[in-house]
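*Asks:* Those protein sequences? They're chains A, B and C, same order as listed.
All letters in the first sequence, in the order written, are residues 1 to 291 by the numbering used here.
All letters in the second sequence, in the order written, are residues 1001 to 1548 by the numbering used here.
All letters in the third sequence, in the order written, are residues 2001 to 2340 by the numbering used here.
Honestly, I wouldn't trust all of these hints.
As the list claims (entries may be wrong) - Keeping only pairs whose Cα atoms sit at most 20 angstroms apart, straight-line, the calculated SDA-like set for lysine to any residue is:
#: 1; chain 1: B; residue 1: K1227; chain 2: B; residue 2: D1254
#: 2; chain 1: A; residue 1: K283; chain 2: C; residue 2: A2014
#: 3; chain 1: B; residue 1: K1264; chain 2: A; residue 2: R57
#: 4; chain 1: B; residue 1: K1462; chain 2: B; residue 2: L1518
#: 5; chain 1: B; residue 1: K1234; chain 2: A; residue 2: L140
#: 6; chain 1: B; residue 1: K1043; chain 2: B; residue 2: K1104
#: 7; chain 1: B; residue 1: K1493; chain 2: A; residue 2: R57
Simulated from the structure, these hints should not be mistaken for laboratory data.
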Amino acid sequence: MAAAVSGIGYKRAAAWAFSAPAILCQFFFGWFPVLFAFYVGFQRYYFVKQPEFVGLRNLQSVAADPLTVTVFQNTIYYSILSIGLTFIVPIFVSILLMEMSRKTIRWMMLLWFIPVASTAGIAIWKYLYNPQLGLLNGILKGIGLPALKWLDDPALAMLCLVLPGLILFGPGLIYIAALQNVPEELYEAAELEGAGFLRKVRTVTLPRLRPVIAMMLIFSIIGSMQVFELPFIMTGGGPGYATTTVVMYIYNLAFLSYDLGKATALAIVLFFVIMTIIVLQRKFFREDLDT
Amino acid sequence: MRTLLLLIATGMLLAGCSRPKSAVGSAPGKELTPEQYQLLSDKDKIAYKNVLIRVPETWGGALLPPHKGPYDSTIDKAVHGGDIRTLMGLYNQALFELRHPRVKVEYIPFDMWSPTFPSVLAVAISSNRAPSYYIARDLPATIEKGMYADLTDLMKQWDQYLLQPEGSRRQGTVNGRIYTLAGNELGAEVIRFRKDWFKEAGIFNEYGEPGPRTDWTWDDFRAIAKKLSDPSRKRYGYCGEMGDFKSTGGTGVDYYIPDPAGKKTWVFNQDDPLILQALQRSRDIVNKDKSVNTSVSTTWYEWHQEFDAGHAAMIQSFAPHVPNEFLRSPRKFGEDKPYGDTVGMAPLPRGSSGLSGMEAITNPVGFDPTLSKEQLAAAFEWCKDWFYGDAFANRVRQANADARAKGNVSTVYSEVLALPYKPNEQMLDKPLAEVFPKDYLRTYNIIRKSPAKPLPREFGLKEPGKRDMDRAMIAMYAEAITTQIDLKALLAKTANLVNATQLNFRGKDDAANMQRYLDARSEYYRKNYPRFFSTAWQPRLTKFYVVR
Amino acid sequence: MPIVPQVGRRSPRARLTLGSIAVFLWIGVLLHLFPVAWMISASFKPTREIFDQPFNLIPKEPTTASYGLLANTVTPPGTDLNIDVFRYPLYTYLLNSLVLAALTVLIQVPITAMAAYAVSKLHAPRSAKLLFFFFIGTLMIPGQIAIVPRFLLLSHFPWPTRAVPDIPFTDLMFPSLSFVGTYWGVVLPAAFSAFNFLLFKGFFDTLPVDLIEAARIDGASELTTLRKIMLPLARPVIAVTTYFAFTSAWNDFLGPWIMLMTNQAKWPLSVVIYKLQFFLTSWQPSQGSMDPAAQALLSSGVGYNALMALAVVESIPMFLAFVIFREQLMKGIQIAGLKG
Chain A
1 MAAAVSGIGY KRAAAWAFSA PAILCQFFFG WFPVLFAFYV GFQRYYFVKQ
51 PEFVGLRNLQ SVAADPLTVT VFQNTIYYSI LSIGLTFIVP IFVSILLMEM
101 SRKTIRWMML LWFIPVASTA GIAIWKYLYN PQLGLLNGIL KGIGLPALKW
151 LDDPALAMLC LVLPGLILFG PGLIYIAALQ NVPEELYEAA ELEGAGFLRK
201 VRTVTLPRLR PVIAMMLIFS IIGSMQVFEL PFIMTGGGPG YATTTVVMYI
251 YNLAFLSYDL GKATALAIVL FFVIMTIIVL QRKFFREDLD T
Chain B
1001 MRTLLLLIAT GMLLAGCSRP KSAVGSAPGK ELTPEQYQLL SDKDKIAYKN
1051 VLIRVPETWG GALLPPHKGP YDSTIDKAVH GGDIRTLMGL YNQALFELRH
1101 PRVKVEYIPF DMWSPTFPSV LAVAISSNRA PSYYIARDLP ATIEKGMYAD
1151 LTDLMKQWDQ YLLQPEGSRR QGTVNGRIYT LAGNELGAEV IRFRKDWFKE
1201 AGIFNEYGEP GPRTDWTWDD FRAIAKKLSD PSRKRYGYCG EMGDFKSTGG
1251 TGVDYYIPDP AGKKTWVFNQ DDPLILQALQ RSRDIVNKDK SVNTSVSTTW
1301 YEWHQEFDAG HAAMIQSFAP HVPNEFLRSP RKFGEDKPYG DTVGMAPLPR
1351 GSSGLSGMEA ITNPVGFDPT LSKEQLAAAF EWCKDWFYGD AFANRVRQAN
1401 ADARAKGNVS TVYSEVLALP YKPNEQMLDK PLAEVFPKDY LRTYNIIRKS
1451 PAKPLPREFG LKEPGKRDMD RAMIAMYAEA ITTQIDLKAL LAKTANLVNA
1501 TQLNFRGKDD AANMQRYLDA RSEYYRKNYP RFFSTAWQPR LTKFYVVR
Chain C
2001 MPIVPQVGRR SPRARLTLGS IAVFLWIGVL LHLFPVAWMI SASFKPTREI
2051 FDQPFNLIPK EPTTASYGLL ANTVTPPGTD LNIDVFRYPL YTYLLNSLVL
2101 AALTVLIQVP ITAMAAYAVS KLHAPRSAKL LFFFFIGTLM IPGQIAIVPR
2151 FLLLSHFPWP TRAVPDIPFT DLMFPSLSFV GTYWGVVLPA AFSAFNFLLF
2201 KGFFDTLPVD LIEAARIDGA SELTTLRKIM LPLARPVIAV TTYFAFTSAW
2251 NDFLGPWIML MTNQAKWPLS VVIYKLQFFL TSWQPSQGSM DPAAQALLSS
2301 GVGYNALMAL AVVESIPMFL AFVIFREQLM KGIQIAGLKG
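Same shape as in the complex, but just chain A:
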């Protein structure tokens, strides 16, 4: 009994010792700037002069801004599109890859998850979408369909931003790594019960991947709610405001309008929105194996 208690105490000590360096780093470089930013959210911030306390005025100006609604709508639309269309692709590709022979996996993995510098990726997609010279319109014309305006069409623009995600992704590797821990006995047991391929995926593979999928889902939500670079470089937020996302608007406020206070207030709002989604997601999509 005594040994067990000290064992727990020892475990706790080890737990804190293992987390200490990360806690320190996260405190200084993760939270500190964020706390500072929260403080700025209640100031009129000047880069040179002393900031003035303005209370909730920044939040009020965010609330009164019609663009706030627009950018949140855009961002949520983007998130739904991107998670809906691209989230499951790497999961299934990884599962399917595991069926190939070892030699084929080696090559396929390289070719599927080949790293393309983002500079190149963006340039290529801009070329594909180009209304006059682009390949996609070339193909459409070739098969006798009317050309589309792609990024220049406010209704299509957001979809066009999401599509590259279908083939430019890296998270497949994560699933490959996780799939290696699925014990083969489970498949054998399912086989004995006469389960087919899809049923085995459903009853064995996916449940085993659940923690990793849950983690990746959190990350996808956060990532897509904060999408910035893609619309920033591909469309500059246009046409109109059709692809202006929350973080892009934050960036514009902070560094193009020099209104760090309002930018931060908007970031705080975004923080709470994402937080709510994550808490809900963790409630409905539990990551532990046993549930």
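With the hints as your guide, set chains B and C onto chain A.
*Replies:* Using the frame of chain A, we list chains B and C on its own:
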């Protein structure tokens, strides 16, 4: 952990109390003349120099090569490697320091040109690491944010103050205080066009050269663009960003006008038929005439490449780029097509009542507001010297000598052509007229002479951020072009947005200030554009500009 | 592990399943190869060919001019074409990138792995939950607003203020450390990665607790358990996180750009690439002047080809890293495969 937190909390509290430190402690002593200074011992010389200014390397400085390589020193490398430009930079530095014995000039790398500049500058000034002066973008919002030192007294003492172009003086003045100095690159948006195609199509200007007339209008522009576009050869009459449409026909139109209700300073100019007309025209040019190529996904640089690739007859460009390119790549379009015979430069088209929308601007220079008085004065002197004075002349001489040695034409000619101040052609090998095609010189002449309209900021009125307003207007034009939305509804939508976000303020003496401002505008039009004044401005003034 | 059992792979049904999977995967491979092929082909094209229609994968007049530009052969210092990014030879930037990426990986992966292990398996449920949000909470704040405070903090650590405060009642300043212009200013903020934390935690969560319990009963210390039991099992995920740490350090430009701006000798390649790419891919204010370097490049007709050449150079180390870490991943597959 807790102690650490406490420590930081105390630190933050203390920081509030600690006095701001100037970068240099100043020890008052008697002022030495350059001659007396030179007699000091090395140690005393170092101690005597206590006014430090930091000069951004890309805009006034020159850094020695980073490695000495096989040479004895980096200076050796510059001398024997033919790096005269850097040596001239050092010479200018030494000369300036001798003239101002207290001042020490330090060249630092600082990038002012990439899109991250605003964040880089924000970071640099908040941590006392900024150069002493930098390019002043986003006026007047950045002035209101206190990002530049007040230069009024220094400017008033300067005999050349009035030599700066009017537009550049106006853009940096807020409520009578001056915050910026005109730097380099006087210019305006101009139309760059293919002379050979104009010739082919038989379009000549009033001087009998291929190209548009210098007083052409947007209607002429539309007709020419249509005539020059040729789908079979993949040619458009014009290509460019959606933002370019802001100027098509918007000439003389204010996107925001005094709030007739008197609640705010401004409201969006929703009912003006001229804006409706401009939107309709942009829509038609792209979708009906199909003579203009535009897209949200193509950037400024890419459009210029399209132009260079021979896919468009005209493009909007910033004026200094054309002469610069002319000098730099004379054979860009092929051996048999000299640049000057292929690419022309014309002023922007005018509105139908003769009003020119061309605004001459320069790169404004702002100074770090945390500088001490001595530092500010020294940095100001440095800028005058570098942009206009001896240092500039030295650079021109060096570039000329360089080019002579290499047997080519130096690009410094385009710098002289775009000098905001009166160029002194004596320092050049050849007069500008022998170097540049006539249309370049003529367009520059027009730019130089173009009057600048009064700005609200000069009269104590707050203006919306230019970038924000531009972004909203680009979005409006993009929507007009890319969708079938009813234009009146689009205007209402834009008004709703702009009024709530960018025009959501009211100052104290707005009514009086507004009246003064409008009077100045009227005077400006009456003097410079009498036809516009009587046919367009006066009727609209009474209809849309109600001061409350 | 493969779902279709090894023994029954020759049955017609299994063959059909495997065959259709293979077809699907090969189509995907072709889709992936297209951008790569485009990138490589464009890097060898002269500027006027880039937008040729119909599009051709093999350049009509192949040229290495883009690579020449990168290799600093066309811009001797001191000419009018004074492009400051080429002040140092390309290998300096490459070396800096490697040093930065290596430092980041060496520091970030162990710190993050230990924290994830502790949260997943060691902490009491309450503190685990709290720490979980402590670790990933910052992901929910867009990094753009933290640029200024983070720089202030790093420029005189640990004082996040405009200047270092004085010690009360004296004229002395508190001690402080400046990371500006050093590698540490870039590496320290990346010493912990919330993303890799999520990965590690997701992975450790899939491991059964029994393994640890068994080790504890055998009298192994926590460190030994982590080292001897967990880490070998974690080999694939370590490979993946290392790869991600490497690529993110390799591609990051804003951090190095702001921290190292005044010290060009330490710039990584990403900063140079960014400086060259921005005028091609970003929105310039249409009014006003541009970077003299961009102007020079525009006049000399540099375009997508140079950008793609840069992208090729940028991609090569990532590609190599991928191959190396793939081997680690494959080892995991082989070990597990032997077991089954």
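*Asks:* Each hint needs a verdict: does it hold in this structure or not?
*Replies:* Do the hints match the structure? See the list:
For a cut-off of 20 angstroms, the pair hint linking B:K1227 to B:D1254 is broken: about 31 angstroms separates their Cα positions. Distance restraint check for A:K283 and C:A2014: the Cα-Cα separation of roughly 39 angstroms exceeds the 20 angstroms cut-off, and the hinted pair is therefore not satisfied. Restraint check for B:K1264 and A:R57: the C-alpha separation of about 18 angstroms stays at or below 20 angstroms, so the hint holds. Pair hint B:K1462 plus B:L1518 holds up; C-alpha atoms about 14 angstroms apart against a cutoff of 20 angstroms.
Proximity of B:K1234 to A:L140 is assessed by CA-CA distance (about 18 angstroms); at most 20 angstroms being required, the pair is judged to hold. A distance of roughly 14 angstroms separates the Cα atoms of B:K1043 and B:K1104; the hinted pair therefore holds under the 20 angstroms criterion. Straight-line distance between C-alpha atoms of B:K1493 and A:R57 comes to about 25 angstroms, which puts the hinted pair past the 20 angstroms bound.
Of the hints listed earlier, those the structure fails to meet are numbers 1, 2 and 7, in rising order.
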